[in-house]
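Here are the chains, one letter per residue:
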Amino acid sequence: DTGVSQDPRHKITKRGQNVTFRCDPISEHNRLYWYRQTLGQGPEFLTYFQNEAQLEKSRLLSDRFSAERPKGSFSTLEIQRTEQGDSAMYLCASSWGTPNNSPLHFGNGTRLTVT
Amino acid sequence: AQSVTQPDIHITVSEGASLELRCNYSYGATPYLFWYVQSPGQGLQLLLKYFSGDTLVQGIKGFEAEFKRSQSSFNLRKPSVHWSDAAEYFCAVGAYDYKLSFGAGTTVTVRA
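From first to last, the protein sequence lines stand for chains A and B.
So the mapping is simple: our numbering equals the position in the first sequence, first residue as 1, plus 12.
So the mapping is simple: our numbering equals the position in the second sequence, first residue as 1, plus 1043.
Because the hints were derived from the structure by calculation, they are not lab data.
Just so it is clear, the structure is predicted and the values come from calculations on it, not from any experiment.
Computed Cβ-Cβ distance ranges for the label pairs, DEER-style:
1) A:Ala65 / B:Glu1109: 34 to 40 Å
2) B:Gly1071 / A:Asn113: 20 to 26 Å
3) B:His1125 / A:Thr14: 24 to 30 Å
4) A:Pro115 / B:His1125: 19 to 25 Å
Coverage of chain B stretches by chain A, computed from C-beta distances (three or more under 8 Å per stretch; other residues unrestricted):
5) 1081 to 1088
6) 1125 to 1137
7) 1145 to 1152
Think of the CB as a built atom: it goes at the ideal place given N, C-alpha and C, for glycine as much as any other residue.
Kindly generate the complete structure, drawing on both the sequences and the hints.
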């Protein structure tokens, strides 16, 4: 169990550029979640996958955001035409079940700064 | 809609003293409730969770929380804090999956 891994840890980009983040969940975890955390706030749910299927997207996830999990293993989160308001910590988490039977494991996050 | 309120933004406590962090939630049914801790630059670590049963829940690192349905509260407590408990603490509410709603967090500072 190597934990949830996120890459990169930090990303600085200029407004208008596209960025992509990667999340490697704990192996055999079929559920994968993306959250966003802005300074001074708690994490906000963005989207989640069960295996390769994206089951739900928050209204926070504008059309500029897209997430994939092509083979039910790692996931990517892409932000197109970044805006300063996208600056945040993007957290990935995984579990093998529901809150009834499986804890949720968080990665250390990718901190995005849009200048 | 589900939501969480953590009334205290920042708490300072002396090492060895007791700690209580408040959490109030809004949820239409029986909630799943969680407390997470986050150290600077790190992800979130689960301290404890409540689904049903005994309303006093024990967690890791000596923490406990009490679910009070009548007050819609799930307060976190620790009898004697250690300097390593300095961190940010988040209360969260959810349903049958992990689409959690988090509070804004409480920062705990421990003074010697």
